[in-house]
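From first to last, the protein sequence lines stand for chains A and B. Sequential numbering from 1 applies to the first sequence in the UniProt record's numbering. Sequential numbering from 1 applies to the second sequence in the UniProt record's numbering.
What the hints contain is simulated information worked out from the structure, not anything from laboratory work. Heads up, a few of these hints could be off.
Identical copies carry no separate label here, and so any pair may be met within one copy or between two of them.
Claimed, not checked - Pairs of lysine to any residue, SDA-like flavour, derived with a Cα cap of 25 Å: (1) Lys594 - Tyr38; (2) Lys530 - Gly494; (3) Lys584 - Ser299; (4) Lys463 - Ala518; (5) Lys161 - Lys182; (6) Lys530 - Glu570; (7) Lys360 - Gly125; (8) Lys360 - Thr239; (9) Lys584 - Asp180; (10) Lys530 - Asp505; (11) Lys538 - Asp466; (12) Lys116 - Ala352; (13) Lys116 - Ser299.
In this text the structure is predicted, and so the values were computed from the model without any measurement.
Below are the chains, spelled out letter by letter.
2 protein chains.
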Amino acid sequence: MGGLTLGRYICERLYQLNVHTIFGVPGDFNLTLLDKIYETEAEHGTGSFIWAGNANELNAAYAADGYSRVNPGKLGALITTFGVELSALNGVAGSYAEHVGMVHIVGVPSNEAQEKQMLLHHTLGNGDFTVFHNMSSKICETTSFLRDIATACDEIDRCLKVAYTMQRPVYIAVPSNMVDMKVPRVQLEKAIDLSLEDNDYDAQTEVIDHILSMVQTAKNPVIIVDACASRHDCKQEVTNLVEITQFPVYVTPMGKGTIDEGGVGGEDMSDPNIISKITMKLNTGKSVASRFGGVYIGSLSKPEIKDAVENSDLVLSCGGLLSDFNTGSFSYSIGTKNVVEFHSDHTKIRQAIYPKIKMKEVMQNLNSKISAVLGSYEEQPVPKLKLINTPAPPGNHLTQAWFWTRVSSWFREGDIIISETGTSSHGILEARFPNNVIGISQVLWGSIGYSVGATLGACMAAKYLDQNRRVILFVGDGSLQLTVQEISTMIKLGVNPYLFVLNNDGYTIEKLIHGLNAEYNQIQPWDHSKILPTFGAKDYQFVKIATMGETNEILKNSSFAENDKIRLIEVMLNQFDAPLDLVKQAQFAAQVNKGK
Amino acid sequence: MGGLTLGRYICERLYQLNVHTIFGVPGDFNLTLLDKIYETEAEHGTGSFIWAGNANELNAAYAADGYSRVNPGKLGALITTFGVELSALNGVAGSYAEHVGMVHIVGVPSNEAQEKQMLLHHTLGNGDFTVFHNMSSKICETTSFLRDIATACDEIDRCLKVAYTMQRPVYIAVPSNMVDMKVPRVQLEKAIDLSLEDNDYDAQTEVIDHILSMVQTAKNPVIIVDACASRHDCKQEVTNLVEITQFPVYVTPMGKGTIDEGGVGGEDMSDPNIISKITMKLNTGKSVASRFGGVYIGSLSKPEIKDAVENSDLVLSCGGLLSDFNTGSFSYSIGTKNVVEFHSDHTKIRQAIYPKIKMKEVMQNLNSKISAVLGSYEEQPVPKLKLINTPAPPGNHLTQAWFWTRVSSWFREGDIIISETGTSSHGILEARFPNNVIGISQVLWGSIGYSVGATLGACMAAKYLDQNRRVILFVGDGSLQLTVQEISTMIKLGVNPYLFVLNNDGYTIEKLIHGLNAEYNQIQPWDHSKILPTFGAKDYQFVKIATMGETNEILKNSSFAENDKIRLIEVMLNQFDAPLDLVKQAQFAAQVNKGK
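Only chain A is shown next, with the shape it has when bound in the complex (with noise of 0.2 Å):
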């Protein structure tokens, strides 16, 4: 029994919420705090608790972010210093605007050195102590600054209870002279309870009859799956949604990767009889892959689905988190159609709101009765997805149309698969993951650079799970620039993402909303090559590809398939290529900004 550290029981309490990776930069009020990892991996075995140790307090942000999604205890950790912490608040923020589950901890003065109002470095010279932790409340879900030790270990519980159950960022402030300080060891055998409240019996049995019998009527209803529904922890519900009714289920570019696609996974696409066989395994069984229809996003949709959706006389929707980027800017016609939304917090029956009504209960009992209502449902065709290209000679230059459909045949499952808010993020949904795919993209929030930190987050809490899962990173050459020397920390903990550089010569995306020509839109040329050597990567693969023929070859090596060694591939595409999407959305994008 006896007592242990309060820099340790918070350690301790990320442990037990399955967070084994902290990110973050030492700075001289958190350096004690960062003395209580080492002890923790110490206690529980080589490995298991580790100080990633970022390039800067951004990136950092952008790891715990994407370790967050990968991490099936569905949280991160960020630790960082008094007053220099602003410079995690983009990623912060960016966590906050897409429901993901976050612990930042900061290091800050002592209580002593607070009371003096000393003018400490890191301060803005005034003496007072509180601007970061109110400018950080904005963008938190709660946030504590401990000075009391009788009540820090609840107000951290708190606090992480919070950041699960809510999927948002927290915020923790630890004067430096409390982290020594002890707090009982017997708080640490009672686990943090994490359940959600249930949901009112009344309102949910109003709310699930009225949806069953919506079901029973309709001829032709769909399923779409957004964002929420995997930040949400509702995968397994809405996986099962698809599976009892065999309704077409769709997703959004933030819902992508939530359910099975059942693309074809590293198959010989040179094999003659490949369409027939996936087609063939697609077709097999209830599986949901075999109602999976593709991408929803408004007017930018493909129309058989643009049409299959759209004339749907009913819409099932999970966790949709309907943004500009996520919906072709706001261009959905369902909506007066009948729609039921199942939320985090809350269901929607067309208009009628039944607030704390959420998702995952109201679709666990709604599950429980749906097939009842079944009977005269007649199974809806799904839209058919391309899966691979046209032949073509191999000295043909690479376009984003090809290379997106190709590199889609190179997947597997279990892959994790990350890209960057402009080209990548649009090309990616023309790809059909194969199953137990994790999809990663800031697609709200958009901030870029934010892909290369993810990268490093996911790599991490891959490792944890299963070595062999593969990271896949697309990102433009543009906002590679912001961030790239996180690429130093992957090749210091020595994970194997394979980075995917498209080299379009700028910011493509910005280049269509406006300004297709300006100088602010160009970047300075780099030497992609010399990335990972600069970075003291020792055993490291760089590819360049620029047509077809480079490009199959590439992607036939069984060696290059193995995640064994970081490989950074440079994909040279032309600088106006785009998904055809991205072009629609910038021209929306532009007439917003023009305020029509």
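Fit chain B to the known structure of chain A by using the hints.
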């Protein structure tokens, strides 16, 4: 006459205020505003108004800060885009803490999008468009969120005036639809009034009489010059005060570079008569440099400086900013003495505060009267400063102590010398600057990585002043990793700084504070020779120096001395070798963290 666009109005106002480079990153809510930068350049001539196009927002903020410190116009400007603007805040907060004039302009969604609470990308997804503005208001002197074209110009003028006169950051949010709205051109014709309000006559008279009576009886008065003397444009007043009184003058770490130090400046150090030559030069006339006594940093000062300052019977403190790292952890022992403090917004004599008696005017008045009371003053000697190293074998490994003395004789008049927080900012205190040098170091805010962005900013300001002024950076290998990509922007913009990278294998300053051998203070080793070519440099120099002989050789080389290409010099140092005062400072910091 007629009208011009609001976007153009902003640019023209900045141009009028001597801002010739705008830092930032393009984003879809600021693109049309960026067009106006190019229009403004076209109007005033190539190179007159430049968009820097930084690698990321934080680096851009650091660059705007460095620019402002060198620009005689005492302003820097930064443009970011809504939401991801948060990445810049650590840099903006640093400008606030350190009294640096800066304008942070943010391109935000159109008024209409705000009114409709559209769930745009770069929002938190909750329809609240005020969050980021609120956050910035905590670290800015004033802010304006433009909404009404009728008052927009006045609001812009108001913010610019505050940024200049208060030497703090201000924030202006510009909705994308307002950029192309027309405003009357006539408003540009009246310059923004940048004058400070006159000091109250009676109060100022009382202050001056009081000071004069103290001067009249003082036997060994000293002058201490701190940060705000240069930030609030009082270099000339301080210089005049020293020239007239011939009192010994000391600088704080943050004041270094404000007054002439008479350092050797590129002389041939192998000349056996060098010492007597320099001494003669220093003692000629009544130059300010001949009265320069060194750096006062409380109990961390050299003993002869500590004695001289703390035994003086009158301290005239100009622009004091008394933070821990600027005072040797608050170890000033002048508190009970006769102290007069000149500040930007008040004057303090002993314990009496005179609000609104501003430094610049009161010093001008004092300078016009002070010679009348100096009749009985006998000139006091100033401490001797070490100018050159004791000869040593060329094969000796470099040490911090030897390096800083050696490099200081390589400096020359007009150099702009930037030192990163850590061993560099402490080591540079050992160097005696030649006259007319600008020193930059972020001692109070102390955000590591700052100096790399600041170097870019300084280069752009220097370029407009005089292409031949050299910009010289000293940065540790750890700090460099946070912001390394800004070297790419330097290459893109064709500036030629000297980048001295002190490779001491990790965060030495943090090691000394806590965790001497801790893993979290280690960094991934980089191949520094590859950095410049990776970022696309064609004409560049890389040198690695590890011995005293190698250092002498490169610093004697006359072509190396010319800033005709970008140069990166890797300086190999032992990881635990640090300037002595840094070791003591670190011990203090560790105490404060423990709450002792």
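Practice problem: Quick one: which hint numbers does this structure break? Sort them smallest to largest. | Solution: none
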